Amino acid sequence: MGYNTKSILLAGVGGQGILRASDIICMALMASGYDVKKSEVHGMAQRGGCVTSHVRYGEKVYSPISKKGEVDILLSFEKLETLRYLDFLQPGGTVIINNEEIYPPSVNLGQVSYPENVFEIVNRYFPEVKVVNAADIASKVGDFRTANTVMIGALSRYLEVGIVIWERILNKVFSEKLLKANVEAFHLGRSA
Amino acid sequence: MKELLSGNEAIARGAYECGVRFAAGYPGTPSTEIMESFAKYKDAYAEWSPNEKVAMEVGIGAAVAGSKAMVVMKHVGVNVAADPLFTVSYTGTNSALVIVTADDPSLHSSQNEQDNRNYAKFAKIPMIEPSSSQEAKDYIKLAFEISRKFDTPVFLRTTTRLSHSKSVVEIEEPSAVEEDKTQITPDARKYVMVPVNARARRIEVEKRLDLLRNFAEEFSENRIEWNSTDSGIISAGMAYNYAKDVFPDFSYLKLGMVYPLPEKMIREFAARVKKLYIVEELDPFIEEQVKAMGIHAIGKEVFPVTNEFDPGIVERAITGMAVRQDALPAMDIPPRPPNLCPGCPHRGLFYVLGRLKVFVAGDIGCYTLSYMEPLAGLHSCICMGASIGMAHGMSKALKEKGRGKVVGVIGDSTFVHSGITSLLNTAYNKSDAVIVICDNRTTAMTGMQDHPATGWTLKGEKTKKLDFSVLASALGIDSVRILDPGNIRETRTILKEELLKEGPSVVISSGPCILLNARKPAAGKRLVVDPQKCTGCRLCLGLGCPPISWRKFQQEPELPAGGGRRKQEGVAYIDPTLCVGCTLCRQICSAGAIIEEE
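Read top to bottom, the protein sequences are chains A and B. This note's numbering numbers the first residue of the first sequence as 5 and each following residue consecutively. This note's numbering numbers the first residue of the second sequence as 27 and each following residue consecutively.
These are calculated hints, taken from the structure and not from any lab test. Be aware that a few hints might be false.
[Claimed, not checked] EDC-like cross-link-like pairs, simulated, lysine to aspartate or glutamate; straight-line CA separation at most 16 angstroms:
# : chain 1 : residue 1 : chain 2 : residue 2
1 : B       : Lys28     : A       : Asp39
2 : A       : Lys176    : B       : Glu29
3 : B       : Lys578    : A       : Asp27
4 : A       : Lys10     : A       : Asp39
5 : A       : Lys72     : B       : Asp275
6 : B       : Lys28     : A       : Asp27
7 : A       : Lys64     : B       : Asp275
Because the structure is a prediction, the values reported are computed rather than measured.
Excised from the complex, chain B in its bound form (with noise of 0.2 angstroms):
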């Protein structure tokens, strides 16, 4: 039977069909329908765990008990995983471990654009990378294969453009169930690795990764197609369709396998093509390996480092067109950037942080859009976790200066992902900055995944709920607030107080995602301007929300609206369809001039 899969759903359903029935990961664009899809498989655990590092572990001690286990992250969260992932290359995996790292070319909502097949080379494990939907069920399988066969953790290296892109796959029946092999059976100088064991171990890893290279050469996913020997390519992944979308006549080293490489293989291939390219977005991987072999080859020469590929980027490079002949001419088209929903809890707050001029540093999740205008209540972000380290290091560093002004904001998943220890620290070593856990009570940004606070697991199942405020007071703060953003008076009048207060406090801005209910009628009713009232202050605008607009008279008015005392050039006006009634906008009008509908 043949489906329509996106990448994700691909992997996931090969990892079902080849046995796979244990997996650990983190919610993450663009990794994250992998765990959602196969924790639909009623016979499978997933779970989500609270980081990358922790899901890594969970992996790792999962395979060492006999079990297959996939553990799924973002580019990104291979950093945090790295502790682990480092030394796992060394005990091996008892069973099979596969570890699925999205990378995010063009940063399409990301904070950096990492090319991760260089952690393949960097911790010695294979890595291997589909191109098509069809080939991510298949190549999982296969990385489960190579697990097993040379005791190795195994990559498989996904891109957004294949994860996010659909294309036709052949579904086949899940093999029978394998009897249960996990058991205990311990091995110190494999798992202890303290450095007389790991020193041996060091060596196996020479070993496997020699093995591994001979096995690269019969590997039935590298391979050569041959057509004209004018020109030759070395591809992988996405980039080989768009090369072969635009120069279906030459010939083609597909590699599955992008780490260790086939050199055999290779030096056969580039001993027959004229000209020899090599096109793989990012970091010249390939190209660097194949020029140290002593090979003459086309690579970061002529195709960018930065951004993914498309066809045209493809034909561009290696025809050397610079521009398109008939593009059309540049028009100046607004831009329209991702913006917070109407209704968003974090509207208000960010509203009140970007006024009380402070330094606010920020995280990672959907606030991290407050920094635009004219919100602007957000100073910085780094990775995952960073605000309160950052805020706390501020703090220190600016000593008197610094007093009642640095925030740090984060959002309830990423706290619990990697803000516990850091907010362990600002009691520990005394600071005096604020910080806010915004919690939506959801993984909102990728989508609303579970984590541990909300008390629901990736299966569906109720489990126990971290409270913030008791896990913050355990921790050795002394202050800890609940607001309402939803209220600004308050959230204004609890941010200063705790502002004021000497030494860490913890301010939890309590407020569900707008979209977990969306399916639930709104919350209040919706809002409409008063055009008599209204004095066009534009005050109302500072909130950056999607359904308020302003629209300027097309005329002079006959009557002076709203009583305004200067010359007034317009109104606010709010789309009816967009609002959800959460009384902000009132709340902050000064004219009274925002009411309730009918």
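Chain A extracted, bound-state conformation (with noise of 0.2 angstroms):
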């Protein structure tokens, strides 16, 4: 039933960049033609929780936000993020993986350990997973800030949108100064 509505979910934690990556998304599939919803929840200090922000599109899109079960692709910034969302995923989903650990205060605090294997937990229910060194490859572009725009590149693979829309789009939303690294870091996090 419904309107063929297709969603994504990104995951992690504050100060990761992640909403400027989903308005970043939004406006490239936007500019594709489709209807876009997009919803996320901020506040409540300004670092260090989990932040998601969901993303829709289709020909009509009613709910900004996804129920658990239906989302194509979950991309997650940090690793342990991608567990607690993991549910949101459909079967057969697609899960995109910074290969990142940001320890939470428990595990700061030696109360408890940080998962082991988490790409073994999350390839036994799903078996397309693409983990991305977006660290490295920020760093290799010169600008440890860049690495959401590497999560946006490893993204464009599984997204009808096309290269010229995303150019654009990027050419939009940096800066003179800072679009040349995010353009590099875009195509790097594609060819990944």
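Got two chains here, separate frames each, mind docking them using the hints?
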């Protein structure tokens, strides 16, 4: 039933540039002729908590958030957060994971340990897993802040959005100073 | 031209497009960006008022003077503004007055989950509720039309999910600037609400409600979408989207106006569908009114009363599916609560407070997070401004037992919002509590908004700057101290001294929010742990600072590290990408193991 709406869920930790990334993804989808809605919750201190952003697109989108078991692509910016939102994915859904660990307080305090086998757990349920070393690629580009653009590049392989549109949106979003590094980060992410 | 706008941005845009040039509000998630977006229009007047009650009164004044006015606040802000609200319902608005209330189902960033649709019924004020950014932009215009037409304040209700979701909006040219119609027109019988006049206006309020009930039947945004008549849904706002998403084949009565309700339309819809559901988040607000019409409907029997919905919740409630069949097995995933930033000035203060064996009556702001382990330096949070009154009440009730044991802590913006009168009370009624104002020079939690003590207005103009020390003295506080929360020893010494004193005192914990200067280089050099000196005592972990973690030895160290007297299991580690060099950890490290990088 429904409107053939597709869903992407971005997940990670405050400060990783997730809301900015989902803005860029939505602009590209909108420029490709889709109806688009996105939703996130922020507030309650500035940094350090979980951040998610739902992106939904299609002919006509009603809900800006997805139900569990419905998401097509989980774009995860942090390994542990992948597990937290895994049950939003539909069977056979795609997982793109940034190979980065950010310890939550209970791990920092030594009360629990950070799960070691994240990729293995994810792979147990979802065969389509793409791991991206976004931080390494971003440092290769020369600006660690482009890690979120690397992730957008990795996602772009799975979306029907032309490369010209992606570049046009990056052009629109980034200042001249940051543009070159971000375009490079996007392409390295795309071919990663 | 089409743009992707948040609900909040769309409300600001819609107000501007329909000629509104006057707005007042107080920051509060999820409403804050409405005022921030509106203030960017150069020819619009927009102010952060000290609190929502003031904002409401400012809006009333502007409307009575003939200007269209918008006042903006989060749901609990309406509680603060309720006093003028209930009476402006009587006086009417002359020009137009729209109150935007941003509710927070699921308490994403609030202390309660109140459903402000109840205020519409309570104050006898119409309320409209959009379900998308496009509707948010359209409805704010309709709200101003209704206000002017019926001489009534109008509520526009949004929720977190609408305010903070983005969807496609058609941007229009602003309507031609209206000629200035502001003027002074005294009308005592309408605006002086002494009993004799208020009794007369009271009758007008009921007449107006009758007119609005008729209007609701014709209102274009109350609309029926006929599909299969086996099942029908009455819904409004975000919940409508969730239902449409999972039940596209049902018939819908989509209410754009949630108070007063279009009774005839509801009866017509109910008569034609076999099964009627009412899909609404939080209170059974529509449901109770529909059921009072004698109509059979299914509502909170199957839908939750708490928390926001999503398409899955609506689907499960209606189909009766208890849980998902294909759900993954439960996993034990460490939580990731929000935390104070590295370098946050609150950390040093609450580290000390948490170890002083005092009751800390807290307030609303980032520092509320200090209640969590390991800081555990805050013991209550009720509402904006409650800290000072509570601390005073506790100190009076405890009498001698409370000597040196009760502290009230309040942020700078919160103090200006609703702490001043209660601080006056501590002097007037001879309190014994110590009041700490955490002055980080901004309204941090909602994202860096100015207030009367920052010296800047919402429009970015320099202005008078409130001086907390001078104010406290003027209110009758004899002992006013200023401390640097980045210095743990000084913080502890001054707090202890003030706790010993008789009578109320004020301590200003003065340190700017670390994010205020985010673009400037960090104040100090980044710190690292010398693993040879670290004794593994874990004292630094008590700061709950995000860069500091504990690394257990993978194998027994070959040499006893750091000369630790007992068997050492690991060392502290500081993540260099997160540390900003605030030095709190170095100040408390007794082994001298924390040193500057390089």
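Okay, the hints, checked on the actual structure:
no. : hint                 : result
1   : Lys28(B) x Asp39(A)  : holds, 11 angstroms
2   : Lys176(A) x Glu29(B) : holds, 13 angstroms
3   : Lys578(B) x Asp27(A) : violated, 40 angstroms
4   : Lys10(A) x Asp39(A)  : holds, 11 angstroms
5   : Lys72(A) x Asp275(B) : violated, 21 angstroms
6   : Lys28(B) x Asp27(A)  : holds, 15 angstroms
7   : Lys64(A) x Asp275(B) : holds, 15 angstroms
Violated hints, listed in ascending order, are 3 and 5; each of the other numbered hints is respected by the structure.
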